[in-house]
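Next come the chains, spelled out residue by residue.
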Amino acid sequence: MTSHPAETGPQDATGWPRIRTVGVVGLLVSFGDQLTEPANRAALALRAAIEAEGWDGVEECSTSLVSAYVRFDPLWINHSDLQNHLRRLLDSRDWYQADLPQGRRLWRIPTVYGTDLAPQLSEAAQAAGLTEAEAIASISGTRVRVQTIGFAPGQPYLGALDEAWNIPRQKTLTERVPEGALTVAIRQLVLFSVSTPTGWRHIGQTAFRLFRPEADTPFVLRPGDEVEFQPTTPEKLAAMRQDGPDGGAMSEKIT
Amino acid sequence: MTRVLIVHRAGPGVTLQDQGRPGYLGFGLSRGGAADRLALAEGAALLGQGDDLAAIEMAGLGGEFEAGADMRIALTGAPMRASIDGTRIAWNASHALPRGARLSIGGAEQGSYGYLHVGGGVDLPAQLGARGAHLAAGVGHAVQAGDDLPLGDDPKPGEVGQGITPLPRFDGGTVRVVPSLQTDFFGPDQIARFEATEFHRDTRGSRMGVRLIAEAADPLHSDTGLSVLSEVVVPGDIQITGDGTPFVLLSECQTTGGYPRICSVLPCDLPIVAQAQPGARLRFTFVTLDNAVEAERRAAAHRAGLCSGLHPLVRDPHDIRDLLSYQLIGGVTAGTELDQEKAQT
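If you read the sequences in order, they're chains L and H.
The first sequence begins at 1 in the numbering used here and counts up by one.
The second sequence begins at 1001 in the numbering used here and counts up by one.
Hints may be right or wrong, so weigh each one.
What the hints assert, rightly or not - Below, a sample of chain L positions facing chain H; criterion: calculated Cβ distance under 8 Å:
| id | residue |
| --- | --- |
| 1 | I19 |
| 2 | V22 |
| 3 | E60 |
| 4 | Q155 |
| 5 | F211 |
| 6 | A215 |
Claimed, not checked - Listed next, the stretches of chain L that the computed footprint assigns to chain H, with coverage defined by at least 3 CB atoms under 8 Å from CB atoms of chain H:
| id | region |
| --- | --- |
| 7 | 75-85 |
| 8 | 227-233 |
These aren't lab readings, by the way, just hints derived from the structure by calculation.
For each residue, glycine too, the CB sits at the ideal point set by N, CA and C.
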């Protein structure tokens, strides 16, 4: 046989939210095919609700930008029963109106923009139609929100930036960006938790460690947290790096 | 006194592995764990202990070990050339390793990942709920010369000399897949071509994923797929990169990704991909979700029945036919093996 749709279950007139299978042991509830704030909040809220339900056979949940993912044991609960559970939960309220998670924090993370620590600032600014100074002012002046954690441990996707930053990823990959690299594409920032190749442009460098496997709180940022990337100098950053894994960052509760 | 396994030499891909770290997907940390989970279950059956204990995974090449105390070992996964104090020993079997004995494990004769299990498991402190290394995430580190690996309490000291017949999975083969989120981006003609293509495992591969090559085939592509939002990635997903190369993602994969996925390998067939040695042939065939769940059910039953499928290594002469078949399947070819095993046990 060839392809058959991975999608299952009824849809409403808009087609969203949709429930689809992921491999053999996963279901995904998606609230759209584009990143919007309501879809992002819906995904976060649905994940929390699924975890609160505690259905037998569900092994873990996560969110991506606009979806909630459920991994389960199909030998324990079958696909159609779990889909019915999810459908009932979806029908119980308007998820697009959901509030952001509780206990959110605002982080201010010192960032060196440009210099040889972050060599693609001018290239990115040019792609956005801005001078370097305008680019730094735009990004450091925007309080961005953690939309999801993913790809690598503790690594946030943050947004949304001004429309000017709707720039594509690079066609060819940068061979390696260091841990703590601040990168930009498609109105989002990614702050890297590991050193890795990437198609995102490297515009800033921080000394903030996102993943601390040895610590009581191994993952520092959570979806819904907000971040300001405040400009600093290479000399100050080097000094703050010595002070510990926060790299000079400060946080406060959002009330 | 702590019982230890002393490491005198270790290949570059030798790590501690277990069932991995479920529960951290939402934090961007994939589960990780042994590349071939069936090999973990086989080792646990051979030693009569739980499959949640940590074993030593050896990618392509083993190492030189010494028993710091009397202990039991079992060897599973990709068959490698192994000896104790210079005497060749059987793979897919359990053995005694007396204090001071030297265990040498060479390169894989078939497959990619061999496993060395010890009675009681390797008992390093857990990090984030597991003992295994997740090198892509920076959790744990590779096993290296000079390490003294502490062992847990052995539930059944002295019980050795058992063999197990592994499911064949060390030389490629046909792998079952189900459609995934983005299968439809590729269109029926590309799906048909994907199923008809014989791929080879590239030499490039790691615990994160395995690259596939197809000779004389047009590259696969999806125009839609290159502009979709990053979405959940799971082990077994086959992603098609910009140049049309398929990658089968394994246990240490990223948790989200932007490359389109053409399909996803059944969890019970993933060891065939993980174990395929460079150059091995792999084909992919779509099955329905119902058939996939049924295959998982049979695989779970197989794992649960491994203990009752053990056979003693020392055989009466009238068992010789069975012994020959065991040797063929296990990939162990030394003709004098029977005598050597008798000397060991």
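Going down the list of hints, with the structure as the test:
A distance limit of 8 Å between C-beta atoms decides the matter here; for I19/L the minimum to chain H is near 11 Å, and the interface restraint is violated. Interface hint status for V22/L: upheld, as the beta-carbon distance to the closest one in chain H is roughly 6 Å, under 8 Å. Interface restraint check: E60/L against chain H, minimum CB-CB distance 5 Å, threshold 8 Å, status holds. Interface restraint check: Q155/L against chain H, minimum CB-CB distance 5 Å, threshold 8 Å, status holds.
Restraint check, F211/L versus chain H: the minimum CB separation of about 7 Å is within 8 Å; hint holds. Contact between A215/L and chain H, as hinted, is not supported at the beta carbon level, the nearest pair being about 11 Å apart and thus beyond 8 Å. Note: the region 75-85 of chain L has 3 residues with beta-carbon separation from chain H under 8 Å; the three-residue rule is met and the coverage holds. Only when three residues or more bring their CB closer than 8 Å to a CB of chain H does the claim for the region 227-233 of chain L stand; here the count is 0, and the claim is violated.
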